[in-house]
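Chemist: End of the sequence shown = 263 in our numbering, gap-free, step of one.
The set of hints was computed from the structure by calculation and includes no laboratory data. Warning: the hint list may mix true and false statements.
Said to hold, decoys possible - With a straight-line cut-off of 30 Å between C-alpha atoms, the simulated BS3-like cross-links for lysine-lysine are: (1) Lys200 x Lys259; (2) Lys89 x Lys176; (3) Lys243 x Lys162.
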Amino acid sequence: MKKTLNLIAISLAALVLVACSQDKPAQTASQTPGSATPPAMSAPAEQAPKAGGTSGTVVETMNAAGYTYVQVDSGTEKIWAAAPAFEVKVGDSVVVPDGMAMNNYHSKTLNRDFPVVYFVDSVLNASAPAAPTVASTDMPAGHPATNTAAPAPDVDLSNISKADGGLTVGEVYGDKANLSGKDIVLRGKVVKYSPQIMGKNWLHVQDGSGDQAAGTHDLTVTTNITAQIGDTVLVQGPLTVDKDFGYGYQYDVIIEDAKVTVE
Numbered sequence: 001m002k003k004t005l006n007l008i009a010i011s012l013a014a015l016v017l018v019a020c021s022q023d024k025p026a027q028t029a030s031q032t033p034g035s036a037t038p039p040a041m042s043a044p045a046e047q048a049p050k051a052g053g054t055s056g057t058v059v060e061t062m063n064a065a066g067y068t069y070v071q072v073d074s075g076t077e078k079i080w081a082a083a084p085a086f087e088v089k090v091g092d093s094v095v096v097p098d099g100m101a102m103n104n105y106h107s108k109t110l111n112r113d114f115p116v117v118y119f120v121d122s123v124l125n126a127s128a129p130a131a132p133t134v135a136s137t138d139m140p141a142g143h144p145a146t147n148t149a150a151p152a153p154d155v156d157l158s159n160i161s162k163a164d165g166g167l168t169v170g171e172v173y174g175d176k177a178n179l180s181g182k183d184i185v186l187r188g189k190v191v192k193y194s195p196q197i198m199g200k201n202w203l204h205v206q207d208g209s210g211d212q213a214a215g216t217h218d219l220t221v222t223t224n225i226t227a228q229i230g231d232t233v234l235v236q237g238p239l240t241v242d243k244d245f246g247y248g249y250q251y252d253v254i255i256e257d258a259k260v261t262v263e
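Build the full structure now, drawing on both the sequences and the hints.
Modeler: Below is the structure:
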């Protein structure tokens with residue numbers, strides 16, 4: 001009798017263990033990388049490596065929980081991308097930068113499943129018109145500044161000393177063919193600052209040199225360093241010549257991912 005009771009007890013324990021294992025909760029959104037998952041939305045089942053950017057036409061769009069979703073037709077494929085809310089409509093031409101691919105993503109807010117969604121810092125809407133009263137350099141939110149130099153600043157550009165072993169802005173433009181791809185150093189003042197566009201901070205730097213009429217007095221710099229208008233900065237980084245971001249966003253010269261020291 002005692003052996004029979006022991007066998008029954010062992011059997012019941014085994015059944016409890018099986019039931020508990022089957023009742024184990026699924027992985028929650030808090031267990032997934034928070035930076036890639038927007039608020040109030042469930043985490044994707046799988047996370048793929050970062051994917052290359054693409055450009056094309058918006059064929060579907062929707063907003064949810066502070067994010068804008070766009071389906072973009074590049075002509076060879078259609079992809080879904082999501083970024084913090086921005087103005088866009090079907091038919092707009094957009095540029096989607098590199099982003100994290102979330103496979104089998106389910107949006108609770110939209111109650112919709114996406115095979116793949118690319119979460120990015122921003123989507124560039126090349127079709128968004130600028131307001132008539134806004135200068136051509138003040139592009140819609142999400143755009144880097146165009147090749148046109150920043151407006152004449154209310155910043156004192158006098159008494160800016162040339163960096164040791166460095167160049168002036170005017171000299172960079174004057175010798176851009178030979179300087180292309182090389183590290184350069186220059187000192188100037190920030191006359192325009194646009195934070196977190198395409199994941200970078202964008203500075204317009206001037207030092208009083210160059211020709212304003214020809215647009216060779218202003219140099220665009222991208223960096224992770226923050227700055228304020230009027231700051232004197234020492235800039236070091238590789239010079240890129242004739243940079244084309246697509247949809248007409250071009251630069252004669254630009255220093256990307258620069259090391260910037262606020263002096």
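Chemist: Hints first: check each against the structure and report whether it holds.
Modeler: Hint check results:
no., hint, result
1, Lys200 x Lys259, "12 Å, holds"
2, Lys89 x Lys176, "39 Å, violated"
3, Lys243 x Lys162, "25 Å, holds"
In this structure, only the earlier hint numbered 2 is contradicted, and the remaining ones agree with it.
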